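Once you've looked at the hints, dock chains E and X against the given chain H.
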Amino acid sequence: MINFEWIYFFDLCGTAVFALSGAIAAGKHRMDPFGVIVLASVTAIGGGSIRDALTGATPVFWISDPNYVIVILATVLACFILVRKPHKLPQLTLPIADAFGLALFTVIGAEKALMMGLSGMSAVIMGLITGVGGGIIRDLLCRQVPMVLRTEIYATASIVGGICYTLSIEVGMDKTSALFFAMFSTLIIRLSAIRWHLSLPAFDLKSKRP
Amino acid sequence: MINFEWIYFFDLCGTAVFALSGAIAAGKHRMDPFGVIVLASVTAIGGGSIRDALTGATPVFWISDPNYVIVILATVLACFILVRKPHKLPQLTLPIADAFGLALFTVIGAEKALMMGLSGMSAVIMGLITGVGGGIIRDLLCRQVPMVLRTEIYATASIVGGICYTLSIEVGMDKTSALFFAMFSTLIIRLSAIRWHLSLPAFDLKSKRP
Amino acid sequence: MINFEWIYFFDLCGTAVFALSGAIAAGKHRMDPFGVIVLASVTAIGGGSIRDALTGATPVFWISDPNYVIVILATVLACFILVRKPHKLPQLTLPIADAFGLALFTVIGAEKALMMGLSGMSAVIMGLITGVGGGIIRDLLCRQVPMVLRTEIYATASIVGGICYTLSIEVGMDKTSALFFAMFSTLIIRLSAIRWHLSLPAFDLKSKRP
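Residue numbers (full-length UniProt numbering), protein chains in the order written: chain H, 1 to 210; chain E, 1 to 210; chain X, 1 to 210.
Just chain H, same shape as in the assembly (with noise of 0.2 Å):
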């Protein structure tokens, strides 16, 4: 983990970011109070525990660390008081949130593989998979084709943030610097592709081609 204070806070700020994601999925399909904490949990921690499986970063992160957990169960509480209509949110709040929590889970991700000295190769898939994973398993158990899969350029802001970070560590970029500039090309590619609906052509072998 960046060993800054802010850093952390701001990871727990993602992950309450994800876990709000994960609840209202799950109250799109109605289940009950702990199937919502499950789901939460998994879309908030679970690409980071993928990564530490992978890399044998074991016990996983949030074993050790129990304000994970902790965050995740004050966001589920205060999604059940206060999310009655999400209707009724700002269209573009939890977008908007989410792709903060895309940026900065990347960056950690790509961090954390740099710090245990792993290639700028893997610190990008790495970033990657905790940018990412979290929401392909939420969309997996509500039975859905992961929307990061096909959604306008999501993997791909995940990947150029990633690369961003490895690079410029590479370069000899300060850490927060280098933090700040992956955070905003990932942010920007992301934030923009909501904004004007942008996505990268389909790789379509489904239509019929004369």
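Among the clues, some could well be false.
[Unchecked claim] Some, not all, of what chain E presents toward chain X, calculated at C-beta under 7 Å:
{"#": "1", "residue": "30"}
{"#": "2", "residue": "33"}
{"#": "3", "residue": "35"}
{"#": "4", "residue": "38"}
{"#": "5", "residue": "59"}
{"#": "6", "residue": "60"}
{"#": "7", "residue": "63"}
{"#": "8", "residue": "169"}
{"#": "9", "residue": "172"}
{"#": "10", "residue": "193"}
Don't read these hints as lab results, they were simulated from the structure.
Quick caveat, the model's predicted, so the values are computed rather than measured.
We treat Cβ as the ideally placed atom computed from N, Cα and C, and that holds for glycine.
Chains E and X alone, transformed into the frame defined by chain H:
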């Protein structure tokens, strides 16, 4: 693992029950015999495998102890021979057996976490993962929204059982009493839910509100 | 890993084949280019990753050896350029290539388990996980009941191949012969199943019986 032979025996019984539920799910999807073995296996040892991978207790438990796989193979074989007409089974046989498996796996998962020196909160989570993880993978492979996330008080029973076990150990109760107390709590909740179709109020964001 | 350069070369070929099958599945779901990369990757290295996470061989194999990821990226790139009309491919190209990948990954998984000193039974299971794990994740992400669980003799071929390899090693056959014997067994079973649409009798609990 709890150091009593009969716990080990119960653990193998829980494995058989969960393998049976996996095999029956496979039969409902007309899988071939080795597909049935795969589905029975992930149901029976999937939860414990995730637990061990997350906590770093690798190689996972069934690699070093062949009895688990043997029990699964024997269960599947028995299932091929005997279970030709599952609708002829007394209707509640499987849910009740499953409730026992859930109760036992929850306690074993929590105990294993405590033995590794993890916190009480982590022990509850590990109990939950051990108890419901296999069923979640089974339902995913059969392309269903996991039963444990929306059925009557399933994850709930496991979480309560895990809390009972962890608290009992922390207040100094001996392991055998704690085991019975926690299993009893889980069973009473789950069986009541089955018997009277109890469920917690769903967190429902789908229906319209005036 | 078996200590022969050409095995390593074959392993990379298997990786390319499975990456191709993932990329084609992604194309059928109209994913964006980075979604295609993600799906190709989980198909190609998902099974081996699960194997390594379960046995504790972490960091998993592709983290320390960048060639696997490079092969995947090259395959996806080639796929973008060349595979515009998959229905123009000779119809059995992909299943046959896939059968080779299955045979090779099965043997490599079993060999890796034996090298770690695991039992013969665990070696067979690790061969199976390596051979079919990636395809299962691919199908889950595309929201399909995994092909390997119900298609003609797929898991079966892998299990037989794993047993052949493990038994051959245990009776003292040298690794190269055991490898060819086991791959040959897997291929003959799988290719026969493809050619003559063989399948084992399904375990069918769905249809009514008089």
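Going through the hints against the structure:
About 4 Å separates the beta-carbon of residue 30 (chain E) from the nearest beta-carbon of chain X, less than 7 Å, and the hint is met. With its C-beta approaching chain X no nearer than about 5 Å, residue 33 (chain E) sits inside the 7 Å limit, and its interface hint holds. Look at residue 35 (chain E): its Cβ gets to within about 4 Å of chain X, closer than 7 Å, so that hint holds up. Evaluation of the residue 38 (chain E) hint against chain X yields a held restraint, the C-beta minimum of about 6 Å falling below 7 Å.
Interface restraint check: residue 59 (chain E) against chain X, minimum CB-CB distance 5 Å, threshold 7 Å, status holds. The beta carbon of residue 60 (chain E) comes within 5 Å of a beta carbon in chain X, closer than 7 Å, and the hint placing it at the interface holds. Among the interface hints, the one on residue 63 (chain E) holds; its C-beta lies about 5 Å from the nearest C-beta in chain X, closer than the 7 Å criterion. Using the Cβ-Cβ criterion of 7 Å, the hint placing residue 169 (chain E) at the interface with chain X is not satisfied: the shortest such distance is roughly 27 Å.
Residue-level restraint check for residue 172 (chain E) is violated (minimum Cβ-Cβ distance to chain X is 34 Å; threshold 7 Å). Interface hint status for residue 193 (chain E): violated, as the beta-carbon distance to the closest one in chain X is roughly 25 Å, over 7 Å.
Of the numbered hints listed earlier, those contradicted by the structure are 8, 9, 10.
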